[in-house]
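The lines below spell out each chain.
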Amino acid sequence: MSKNLEFVKFDKVDKSYDGKVLVVKGLNLDIAEGEFITMLGPSGSGKTTCLMMLAGFETPTNGEIYLDKNPISNIPPHKRGIGMVFQNYALFPHMTVYENLAFPLRVRKIQKDEIDKKVDKALSMVSLTGFENRMPGQLSGGQQQRVAVARSLVFDPQLVLMDEPLGALDKNLRESMQYEIKHIHESIGVTVVYVTHDQSEALTMSNRIAVFNDGKVQQLSSPDKLYEEPVNSFVAEFIGENNTFMGQVTNMSKDQCKVKLNDGSEIIANPISVTSNGEKTTVSLRPERALINTKDKMDNNFKGKIEEVIYHGDHTRVRLDLLGNKEFILKVPNSSANMDIKMGNQINVSWNSHDARALDPK
Amino acid sequence: MSSETQKILTTDGIPLEVSLKKAERKNKIKAFLLVAPLLLFLLITYVFPIGDMLMRSVDDKMVTNMLPKTFKAMESWDGKELPPEEVFEAFYFDYKLLVEKKTFGKLSTQLNYTKNGFKTILKKLQRKMKKFEDGNYKEQIMAVHPRWENVEYWRAIKRRAPAYTSQKYLKGIDMYKNEDGKIVDVPEDRQIHRILWLRTLEIAFFVTLLCFLMAYPIAHLLATLPMKYSNLLMICVLLPFWTSLLVRTASWMILLQQQGVVNDFFVFIGLVPDDARPEMMFNKTGTYVAMTQILLPFMVLPLYSVMKTISPSLMRAGKSLGGTPFVAFWKVYFPLTIPGIGAGCLLVFILAIGYYITPALVGGASGTLISNQIAFHMKSTLDWSFASAMGLMLLAGVLAIYWVYNKLVGIDNIKLG
Chain D
1144 MSKNLEFVKF DKVDKSYDGK VLVVKGLNLD IAEGEFITML GPSGSGKTTC LMMLAGFETP
1204 TNGEIYLDKN PISNIPPHKR GIGMVFQNYA LFPHMTVYEN LAFPLRVRKI QKDEIDKKVD
1264 KALSMVSLTG FENRMPGQLS GGQQQRVAVA RSLVFDPQLV LMDEPLGALD KNLRESMQYE
1324 IKHIHESIGV TVVYVTHDQS EALTMSNRIA VFNDGKVQQL SSPDKLYEEP VNSFVAEFIG
1384 ENNTFMGQVT NMSKDQCKVK LNDGSEIIAN PISVTSNGEK TTVSLRPERA LINTKDKMDN
1444 NFKGKIEEVI YHGDHTRVRL DLLGNKEFIL KVPNSSANMD IKMGNQINVS WNSHDARALD
1504 PK
Chain G
0 MSSETQKILT TDGIPLEVSL KKAERKNKIK AFLLVAPLLL FLLITYVFPI GDMLMRSVDD
60 KMVTNMLPKT FKAMESWDGK ELPPEEVFEA FYFDYKLLVE KKTFGKLSTQ LNYTKNGFKT
120 ILKKLQRKMK KFEDGNYKEQ IMAVHPRWEN VEYWRAIKRR APAYTSQKYL KGIDMYKNED
180 GKIVDVPEDR QIHRILWLRT LEIAFFVTLL CFLMAYPIAH LLATLPMKYS NLLMICVLLP
240 FWTSLLVRTA SWMILLQQQG VVNDFFVFIG LVPDDARPEM MFNKTGTYVA MTQILLPFMV
300 LPLYSVMKTI SPSLMRAGKS LGGTPFVAFW KVYFPLTIPG IGAGCLLVFI LAIGYYITPA
360 LVGGASGTLI SNQIAFHMKS TLDWSFASAM GLMLLAGVLA IYWVYNKLVG IDNIKLG
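So the sequence lines, in the order shown, correspond to chains D and G. Start counting the first sequence at 1144; every next residue gets the next number (my numbering). Start counting the second sequence at 0; every next residue gets the next number (my numbering).
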């Protein structure tokens, strides 16, 4: 069975609410069948608008959305057959759990015994068997969330949309629900489009992540690529922690460039979005890629002064004053070798030029 | 644990319950003092008047007090044959006293209510009484007029002996106690109250229905529009509240009368010929239109307050799960608005059932309600006890509706705001 790589296709989609500002700008996005794709971005970046257009609650101002090769702009939401999990669950408060789950089946005129079977199956999938006769108000937040997930899946949709479904849960519950949703996705192979502003949620759950900002997809790639190889400074800043240096490209070669920083010192970096000398750039370096007092040979070696030490249990965060950047963060693993970290000490910091990505200036 | 309940003590050894009560007593007293003025106000302006009204509606002490000796003497009379001499004698002395106090007219009016024909014979008795001799009053009174020999009249007097009566209530539903003490309908051509009660129920029901049909979309619009527009709309809904009831009713009269604006418009567009303008005022139509308009906010506001709390994502969920917009509305949205519908309907119905000013002004003959009849007896006939009786019947009706509503929907399901 060949997978449909264009199961959902956004084709040059624009969206504006007031005719003045574009909330979504020329969006092109292909989602493969069975994929778990996350739309990640700060609030107001257009991700929820995209989801609402896909669900049918908003219409694109321009462009077209295709579901399994069919344009869907003129199909009303109830005929799209797309499951959806809402931010605040949107369980029907006057119906029992059973009735909530049976709702999509009843409107499809499915036989009673068939409904019972499907509801049973869906409830056991979210391990809530025996809760059929409870009202949503009698359930905890996590249980309500599971009911909402079960309800969105009970009528066997090919596509499920989730709009920040875990936003209202506390941290521990959120993490366990993340795994649960991921496992459900893996076991039934449904296509999931997931919207969140929580990057760790996106990184743990998704096959691919589309990072939204300013109505555009900044980068669409797998979680590891997104983290290791951000293509622009917004993605680098938004995903994970990041140390930045502002400067100007001075010596451009094929896979290396020299960047002259604002305080006059020069570092060697990996040119990603710079091409010629004289360009302004932001160099991005992940905290865990910079090492202290290392014996390995690396092409960037500098001395920094420790400004602050924050104990985190398994690791220690060290804030340095390095090359004019007073917010340079290092993550030092908690091992006996690193006991000389004290405030005010001078310390050697080194990194590979490959890990210092010279991106667009902010 | 043993069956003995162990008292929990505070650290000072005082039982916890006592300590708690002591600690909270001050707050309780403060809270009570805070509501005391209102309580007093309600007691004076609500509980006492209603109690007084109840008493008045069943009070029949007037005759009882005018003929104390007679009724005492009548206690041993079985009512089958003419009463014995003592009754006549007691009646003579009672009546003589009334004649001296010049209040005998009231007695004749009251007794005439019970049985026609008392007025003449009492007047005659008053004239002839001056020449009565002592003793043998039975013969002397019976000689005044043959009706005094009729046992029916004496029975009629005895029927007025009890200090309390239900006759006003019976009259309110077009019934009365006949001479044999049986409760029967008044002749059909003289029945007015039953028609009024039914009309009141009918008008209240349809006004409630009309209000509901009109208020539901408005309330929904109010709850879903952006704040900017919904505020404006809310002002439009509340505007009638800020206008005098009389002014509003009067403007309906200007609009709907036969030479009014609406009729002129109908004639202008050729809907009706000029010589056959429909009557829309001073009949039921006028009452319906004006009352619906005036009571509409009472339906809109509870509905709005309930709809405001319904998350729009519920309707979206209904649609995304495959429900057509109608199914999503009917299965998801509508059931959630029932508390508001209940509150609004109950409010409008109860207000409509006792409505007075509007039907009085625009109702004409066919559009007046029971409250207009109450007002008529308060102001014109001065039969206050009858007005009280009908007022209480109205109150009982409202309480009955409330009770039925509670049984059907449950009063906890009501949401007024």
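None of these hints come from the bench; they were simulated from the model. For clarity, every value in this text was computed on a predicted model and none was experimentally measured. For glycine and all other residues, C-beta sits at the position ideal for the given N, C-alpha and C. One or more hints might be untrue.
Claimed, not checked - Label pairs and their calculated CB-CB ranges:
#1 D:LYS1163 to G:MET213: 34 to 40 Å
#2 G:ALA30 to D:ASN1276: 56 to 62 Å
#3 D:ASP1299 to G:PHE205: 47 to 53 Å
#4 G:PHE205 to D:ASN1276: 36 to 42 Å
#5 D:GLU1470 to G:PHE325: 36 to 42 Å
#6 D:GLU1470 to G:ALA30: 54 to 60 Å
#7 G:ARG247 to D:GLN1254: 52 to 58 Å
**Q.** Hints breached by this structure
**A.** 2 and 5
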